[in-house]
Amino acid sequence: MPHDSALTRIAVDGLSVRYDLQLERVISVREYAIRRLRGERFPTQTLWPLRDISFRVQAGESFGIVGRNGAGKSTLLKVIAGIVPPTMGRVEVRGNLSPLLELGAGFDMELTGRENIQLYGTLLGLRRRHLRDRIDAIADFAELTAFIDVPLKNYSSGMVARLAFAIATDSDPEILLVDEVLSVGDAPFQRKCEARLASFQERGVTVILVTHSLDLLLETCTRALLLEPGMPCVVGSAQEISTRYAERTGT
Amino acid sequence: MPGPDVTTAVYERTPPVWTGPGAPGRYFDLLHNLVTRAIKQRYKRSVLGFAWTMLNPLLTMVILSVVFSAVFGTLVPNYPLFVIIGLLAWNLFSLGSSQGLASVVDSGSLIRKVAVPKEMFPLAAVGANLVNFVFSLAPLLLMIFVMRVDITWAVLWVPYGVLLISLFTLGVALALATLNVFFRDVRYFYEAALLAWFYGTPIFYPIDVLSPNARMILQWNPMYVLVEVFRTPVYAGTAPNFWTVIVATVEAVGMAAIGWKIFRRHQARFVDYI
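Protein sequences appear in the order of chains L and C. Residue 1 is where the first sequence starts when you use the numbering used here, and the numbers rise one by one after that. Residue 1001 is where the second sequence starts when you use the numbering used here, and the numbers rise one by one after that.
Please keep in mind that the hints were generated in silico from the structure rather than gathered at the bench. Each statement offered as a hint is correct.
Here are the simulated DSSO-like pairs of lysine-lysine, each with C-alpha atoms no more than 27 Å apart in a straight line: (1) K1113/C with K153/L; (2) K192/L with K1113/C; (3) K153/L with K1044/C; (4) K153/L with K192/L.
One chain only, chain C, in its complex shape (with noise of 0.2 Å):
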């Protein structure tokens, strides 16, 4: 008979990697491990290092504020700290699931010789960018500052709006990065789906601009409400809308849902195909 403390695989279809006890753990300091290696990776080699994580939003903000001010600064308030706030919340979201996209072909030479559980990549894909958002909240926090706007008690819904974007996020980065697998092309395309994602999601544009009926389709753009939940607590100052939490909880909960099954269902065929 196996003890309490015996660790015990069955490899029937799927492998599972590490059961037992001491199973959390492990996976946790693997997440660790893989997150503190991007973080690493992307700032090793860059001259500004660390500095750039603040800046980059900040100068995208800048081009994006001086070439639409003209048009959309008299309908919108604080119109720089407005662009600035959607353009996190995009980033995270947009760079997390590229990024999460690409994990698990990169990590190809890994999965074909070590039992390493699959999911960790585009995890820590998504985790090393949820981390760069924390820092370049300090250029937002520096608008904030610089143009007067007031902190309410609204903030405290921003965790939230994160977690549902990260959420969501990791869902695309699982369902890609499993496609990306069979097909390596994908990432081409995904590129360019994302340049037209960007456009149709109301980042540096209100949503008021639109028509009724480009706002009706806007409805099924699941950025558009995550951007929402994150952006009104910050620069309206009041508790996002009560129907938009609840469909943003639903998008979220459920893309990570269906990314996970996705993975789940495939990951055992990734070996022979990377």
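In isolation and in its complexed conformation, chain L is listed as follows (with noise of 0.2 Å):
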């Protein structure tokens, strides 16, 4: 698959989302009905996880993206799956772009395997023919030959992790997200997704990971941003960013 490199795959710009949550939550029509006869308002606290985030990632690059806790960093990846709607800005995301986040969150655990590649591979946006020629290879992959036409419930947690890694992987992806999901599986599983995900970056996909880890930061991406509460992000070389990152945090 040509991948052409002056190509931007992701554009995001000015972008900011707000949370309004409700801190009493209304959810009845009776609860609604009866507050609004007795004129009381419906207190909101407003959140803005994001702020004025801009940054273009070029086809093939591997971006990071670092922060603490509440720095907004999933939200960022939510944003730019398309589950969560910008609140202002702009993004543009060019090319098939797969989610490595909240691996499994589509798996039905009454279902077997074989039909899970199915639904959950729908879900990612696969076709049904392309899931029918692959499930021996995604199953393979996640060593999981043997327990296919076995429903999900009997599985453990890493036989779960390591098919939805298998599902979400097996697709031809332009861009790749990817939130600290290396962490599926055993050791040697892990380092098979690694592998995995190596020979992704090879062939010029583009990667964006989210991570606390600077030295998984600095050995597979070559570019960054650093989220902040409350601060203008920054975006610079994995080596500036880390260093920046390990002065705020004071390690």
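Since each chain comes alone in its own frame, lean on the hints to assemble the complex.
Here it is in structure tokens:
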């Protein structure tokens, strides 16, 4: 698959996300009607997990996102993945995107491994035909060939995670969103995951990696974004960002 | 420059999930798998399994026939047949819309974690009930055979009637699924409303038994005309009345459009409320 290196895969311009958290959640029509009639207000607390974020990621680049807990890393990934809508600003994603966030969120524990490959695969936007052809390869990579017709409720959590990783990375993505999921399964399987990620990078797939680990950041990424609550975001080389992050966190 | 095979998604206020030339196929495959799952779930848990789809309308028909034959049996020839046709149409609507209502909230954990086109869940609920409906035609065919009712060319109207009922059901499902995200007691209100709606629709009684005033009010019940478009060709063997078809078409398409509009307008905020 050709990968044009001059192509901007992801462009984020002035992105802000606001959450309106209702302090007392009104979740019934009855309660809503009663409080309306009494003239009560519905207090909300406004949170801005992301404020004015801008960056660009080129095709073939590996881009890191670092920041402490609550800095908005997961929200940013969710916006890029199309789960959370931007409140302000603009996000442009060019190419097929494969999200490795919340692995296995679409699994149905009552269904077998084979049935879940179909269901989860189509949730990620893969075609049924493609999945049917790939079932054996997916099961093989997940090391679950012997258990593929067993319901997922009888799997261990490691087995479930392996299956999810195998499905999500089986497509031929142009962009990969990775949220520290490399801690999936046991050590040999982790090495397999890292090898697959490296082969994606070699093929010119754009990788966006959210991580706490500066070692992993320096090892895999060329550039990175540092998110800090209440501060403007900083984009720089992985080296710069890791130094800065280390200073901020005092490690 | 992006090549023609590059899918570009621009997220401003409403993130489009899948775009590009391959998108329709992806939506279709997801719908197929969601419908398959819904049908599997339904039959895995019950002992009678698949047979239940066919037995359920038959049993309800028997009960209604026994209870109301004395009242309506003389007015309506082949009363059990009249009842079962109406029941099948009603079940398609009531089950599809109430399951569609719950579908988005029930898929909440998925919607918070995967960029999935959310309208697929109500659509799959209606689709699964449509498949169910097709299987439940078996008892109807049995009745037609037992009661020796002639099938005429008018039966070609049946698919159109089913299409209209499905469209109307989808519209109601989309609108109520949206409301249910914000207010979780909507489904209890709707259950009560459905019961009233059932009695307000000529399923087990003919419209002739109503007073002229009641009939006037009934004109405003969309399910009345929708059931008619499906029932007349099978029960009477004649094409449905022209105006009935026109009104039913407008109501079905209109409801689908309204439901779709409501759903699309609010779906971006679902993730905050689910």
